[in-house]
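Using the sequences and the hints, build the whole thing.
Protein chains: 2
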Amino acid sequence: MDYIFSEKVSALKPSAIREILKATQGTDVIPFSAGNPAPEAFPVDEIKRISAALLEENPILALQYNITEGYLPLREALKKRMKKEGCFNPATDDLIIVSGAQQGNELSCKVLCNEGDTLICESPSFIGSLNAFKSYNVNLVGVELEEDGINIQKLEDALKSHSGTKLIYLIPNFQNPTGKTMSLEKRKAVYALAQKYNSFILEDNPYGELRFEGEFIPSIKTMDTDGRVIYSGSFSKILAPGLRVGFVIANKEIIQKIVVCKQVSDVHSNIWAQAVCHKFLETVNMDEHLKRLREIYRHKCSLMLSEAEKHFSKKISLTRPQGGLFIWAALPDGSDMVGFCKKAVERKVAVVPGTAFMVNENDITYSFRMNYSTPTDEQIVRGCEILGKLSKEIFD
Amino acid sequence: MDYIFSEKVSALKPSAIREILKATQGTDVIPFSAGNPAPEAFPVDEIKRISAALLEENPILALQYNITEGYLPLREALKKRMKKEGCFNPATDDLIIVSGAQQGNELSCKVLCNEGDTLICESPSFIGSLNAFKSYNVNLVGVELEEDGINIQKLEDALKSHSGTKLIYLIPNFQNPTGKTMSLEKRKAVYALAQKYNSFILEDNPYGELRFEGEFIPSIKTMDTDGRVIYSGSFSKILAPGLRVGFVIANKEIIQKIVVCKQVSDVHSNIWAQAVCHKFLETVNMDEHLKRLREIYRHKCSLMLSEAEKHFSKKISLTRPQGGLFIWAALPDGSDMVGFCKKAVERKVAVVPGTAFMVNENDITYSFRMNYSTPTDEQIVRGCEILGKLSKEIFD
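Protein chains in written order, with the numbering used here: chain A, 1 to 396; chain B, 397 to 792.
Heads up, none of these hints are tricks.
27 Å max Cα-Cα, derived BS3-like pairs, lysine-lysine: (1) A:K48 / B:K444; (2) B:K409 / A:K79; (3) B:K648 / A:K13.
Listed below are several chain A residues computed to face chain B (Cβ distance under 8 Å; list not exhaustive): (4) S6; (5) L12; (6) N36; (7) F42; (8) V44; (9) G100; (10) Q103; (11) E106; (12) N114; (13) G227; (14) A240; (15) V267.
Non-contacting residues of chain B with respect to chain A, defined by C-beta distances greater than 10 Å in every case (computed): (16) A473; (17) R477; (18) E481; (19) V537; (20) Q549; (21) L580; (22) K687; (23) D729; (24) E757; (25) N758.
Don't read these hints as lab results, they were simulated from the structure. C-beta atoms are modelled at their ideal positions from N, C-alpha and C, and glycine is treated no differently.
See below:
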């Protein structure tokens, strides 16, 4: 029979990144293409210990249905933690556990946006979220991302020309794919614009705790005096992504709607994983744990930057992230960037062509994304040599 | 600020059942209201053993990102198992792991239905699925459920008057909330109607393996010669619902779209749970395990039926399920059923008013749902006494 799909999903394609991952899984291709945390960053021993104790002491908790809002002790622990950061206001906010920040971003769009409503995002931005928004048939408008965050003038232009814009989606810290961080001034300016044009802000912060350089910059959520910021957080990068545990903080009314939508999506998130996250927060010294992660990523990032600088053609410019997992590499204007990425994978190094992150497929970019958390040190060195040789053949 | 939600979710309310569950959690109210598997049905020792071995032997697998389609060995094991049942055709079908059958049902609707498209279901039916469909703003049309399944004449009438109906949603085995089972004749008739009116069928089968009486009836999926049946299965009732692992079988084209929608929803399901399910299928004698579960539910169901028959007013009629978790109790026509349920909870027995399962809130029903899997034997006896006394006060 003929399969005619709904309008909202018929044009939706699998994420180019996940397709590259599938294609290179189990091969000898060097993975600069993933967004996986470094395996050595996983606190395996602690999780083993916590899981064994949980299944010994309270197996029914870990196996039975639970409430959609999430495991209560985990919610309480997170509220306390986020209140300290100024990101949770007990008087007006609530917090729900979701199956990864991805679900938080998806459901935020679902509860707020009708088909055709405008949602503004940085361009380039995280493809997973962009596809989630597209799956609700919203009018996705990309605004140029500069070194210190979104172009404020262009953001205002977009808000003006798309009156009634529902949501502004931002990844202020170590953005995916660029590794760029939004300055404090711009965070304030974005919030002021959201007030002026009465839009919500969806602040996605999966990498915030992985800052290994530079000074901490407060979240936009800390400036939220009128309940317009939805904050998405995650355990994927600080604990383990296979758990699929994230959380959303927003005004209670918004969280109530997200609860209903989560209920019809997956009832609740895996409860073993929620209980593991809770015990981890309670029994592990988080400062020490995060310090260890930051050391791992500082080392890997600086190794990739120094190897790339050593080997790459001088015509390629790189971002210098202060945290997170990604470096954004710009080829000279006019280059065949996609061709470069294809040749790279033929030589056994996978990177992600920047086009995968553009709001419109036909938007032009000459950049590609490199990830330093997944490959081993040896792979980083070897991969940079290979990309370097390729770049010199083409550009020098 | 004013919170204006999207049209599709603004009218959506939390499931009445889950609200009752939240309200009665941790109280001394006897829970005839839940849909939880019996805690004694959980294979705790096996899960402990499997989890410990997994985290010992392959912790990175259990913690790292995986592909959206699901853990490959689990998919292969399920395909094999479902092929044996005639529910998986390797030539045309594919199988995706989802975060519970709930997600399978939600995503089936998302990929097929535009806002306003008609989706036909049994009335009453499972509120979680109905709300999932409503959250995509479909035109939900309920068709009367008889003792042996949906009323075929009324189904055809509905298909005629709603031309282009996209989906027919059915729970053929031990339906939630009624416990009723669709006859083989009706399954064939429904399939023939779906062919005649070119609709898809979404066959939700979470309870199918919990048959403790009567003869096995083949799934509608086994009759699917032209790829119009989407089959939703689950580990929630045969292993543990806290795991949030289910699966969907459908034509490859449909599964491809569900993959994309799942990718933007939660990337993939918790991978520890997927690996646990896989090892469970591989290392536990499933026939023995299911036999044990069926014994538990046969006992509990027959205890509740005999106690209810002993104590209830003779004016209340009960369904006699051949499997699953629920009994549907009908008060005399014209009774104040919601009032009865309210009085029951005041006397510390929670049941779910049938209105919670109706397609339209104003549809009339005089029935309520009783669950026998969650309460202990003592609670079943005591609860039936209390409900019996109440029913006699009102109806005798």
